[in-house]
Amino acid sequence: MFRHPAVIRATHWANALCLLVLLMSGLQIFNAHPALYWGKASTFDAPLLAMSSTEDDPPKGVTTVLGRAFDTTGWLGSSAGADGEPADLGFPSWLTLPSDQDLTGGRSWHFFFAWAFVLNGTLYLFYGLRSGQLRFRVVPQRDQIRHFGASIWEHLTLRFPQGDEAKRYNVIQKLTYALVLFVLLPVQVLAGLAMSPAMDAAFPFLLTLFDGRQSARTVHFVMAALLVLFVVVHVALVLLSGFWNNMRGMLTGWFVIDRKVEPAPVTGKTRA
Amino acid sequence: MSRFLSRRVLLTGASAAAATAMLGGCDRLGNAEWFKRTLKTGEDANLFVQRLLLTERTLAPEFAEADISPVFKPNGTEDPPDKGYKALAKGKFAKYHLEVGGLVEAPFRLSLAELRTLPARTQVTRHDCVEGWSAIGKWTGVPLADLLTRAKLRPEARFVMFHCADTMDLGGDDDGEDDGATDDSGSQEEAPAGNANPNMAKQSGGGESKKDSGGQQASEDTAASGGSPVRYYESIDLVDAFHPQTILAYEMNGQPLPVANGAPLRLRLERNLGYKQAKYVMRVEVVESFAHIGEGKGGYWEDQGYAWYAGI
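In the order they appear, the protein sequences are chains A and B. Each step along the first sequence adds one to the number in our numbering, with nothing skipped, and position 270 is 270. Each step along the second sequence adds one to the number in our numbering, with nothing skipped, and position 101 is 101.
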């Protein structure tokens, strides 16, 4: 079946590129002050999370989360810099863009790809609404809601729908996409905007929404982490449910429905 | 069929190329001039859109006294090494004068005592460092608009420059061709935020800033070395200059401005990040263009690659 129209495919990959660059340049920006707080201003002596390095030789990386310290040498707080020497970095240089400590470089990348992300996302939403693709992708059908429990079990046992049932997205998939599209990503954008002093002047409700600029920064970080989690699960399921078929689908639009197993249509009627 | 295959080959090739570019080439790409310029369009868009969203009088949020941060973290230069400045500080800035000049009809000089007699504005506002942290402080000072009105801008006036007392770099490696590639003084990378902020990184949570930052290294021998020292400077346009919350502050939290925070006079530019808010302001110069000043980007950190517009 022809599953993914060209606009969906193009915006999907453009979005993937944007999110990757935004993540890596975002970690670069985070590294300029690798600590998070809650509220209007920074409470330097009581961060929610902080990464630092010790005076030892070689230095140890320490990550403090809600007052509990963890040794994260080599990963967080202290890791090999771009030149291989131990460096005082929040996140390691191979995760940041640019790889060297370079706040202004990170900001340039971040803002450019933030605009690209927003424009691309707007195109996706407009196209998705007009073409009915969005409905197809995120709105569960009635019988799907009724069999929500069964669907969870299928997911946990990694049994993927086949035949006719594979022609539509399953209920958990739809709800997850809806959550990402209508909660995670918009909150991420708003939290990003709330960190801008000029945006706070224009739209003070941003500060009310997030309980202050430092909270907004923390929310921005947590949303980024949740998006990473989404991508990890998304890619894992792409791999497990037929990598080549899925990739062909998102590259060319064509997705093969396996007919070998004659499907017992999982409709409300037959089950009821 | 063959069309399909070739398309697939093309797509596979393209994604492989993209992956390689991501892994190895991003840094190289990020250093290419044309690409840097392309990325900068994102920051140009920030300025364009924010100027559309904000009126000239849209105020930055103001806070309650209870919100004032117990410690207002200083950043960048915390104790200017310059002899002239040290002498002024020793005399409690009694001999300090602010100069207002450039493209104005009536240039003037005012002592700190005279500045204090002018109508003042007090505001409790949040200071946002480009590094990511924030602190809230109470500021009292003279609205810049009043000073500029008094000086009477000439029609060509477009920007207001702030020339500061603190030396950031030894001028030895003169006319340093391009951005930051030349400095070996060590002060820039370490040194965050000149005056007011960037780059500090390094330490995390406990940010009570180390003493080794900023101009410290660029110490007194500057004068002796013969090079012209690079002092902190900044520029803003007239929209920001005439904004009601734009003040030259001489008090912080009800006390005379401490040296670490920019004594005797610093700029507060509340809808912008910290590095725009020059400390140790000595001279206000109205200009038509800043292309001939420093490396021509409009400020010390701008010359190191930071965006001229810092509303985000």
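What the hints contain is simulated information worked out from the structure, not anything from laboratory work. The structure displayed is predicted, hence computed values, not measured ones. A virtual CB, placed ideally from N, CA and C, is assigned to each residue, including glycine. Any given hint might turn out to be false.
[What the hints assert, rightly or not] Distance ranges between label pairs, derived from CB positions:
#1 A:Val228 <-> B:Lys95: 52 to 62 Å
#2 B:Gln255 <-> A:Leu226: 50 to 60 Å
#3 A:Phe126 <-> B:Glu56: 55 to 65 Å
#4 B:Glu56 <-> A:Val7: 35 to 45 Å
[Claimed, not checked] Some chain A residues close to chain B (C-beta under 8 Å, calculated; not the full set):
#5 Ile29
#6 Ser108
#7 Leu175
#8 Ala178
#9 Ser196
#10 Met199
[What the hints assert, rightly or not] To be clear about the criterion: a stretch of chain B counts as covered by chain A if any three or more of its residues have a C-beta under 8 Å from a C-beta of chain A, and this derived list gives those stretches:
#11 86 to 97
#12 123 to 129
#13 264 to 273
These are the hints, each one checked on the structure:
no., hint, result
1, A:Val228 <-> B:Lys95: 52 to 62 Å, "holds, 57 Å"
2, B:Gln255 <-> A:Leu226: 50 to 60 Å, "violated, 44 Å"
3, A:Phe126 <-> B:Glu56: 55 to 65 Å, "violated, 33 Å"
4, B:Glu56 <-> A:Val7: 35 to 45 Å, "holds, 40 Å"
5, Ile29, "holds, 7 Å"
6, Ser108, "holds, 4 Å"
7, Leu175, "violated, 29 Å"
8, Ala178, "violated, 27 Å"
9, Ser196, "holds, 4 Å"
10, Met199, "holds, 7 Å"
11, 86 to 97, "violated (count 0)"
12, 123 to 129, "holds (count 3)"
13, 264 to 273, "holds (count 4)"
The structure shown violates the earlier hints numbered 2, 3, 7, 8, 11.
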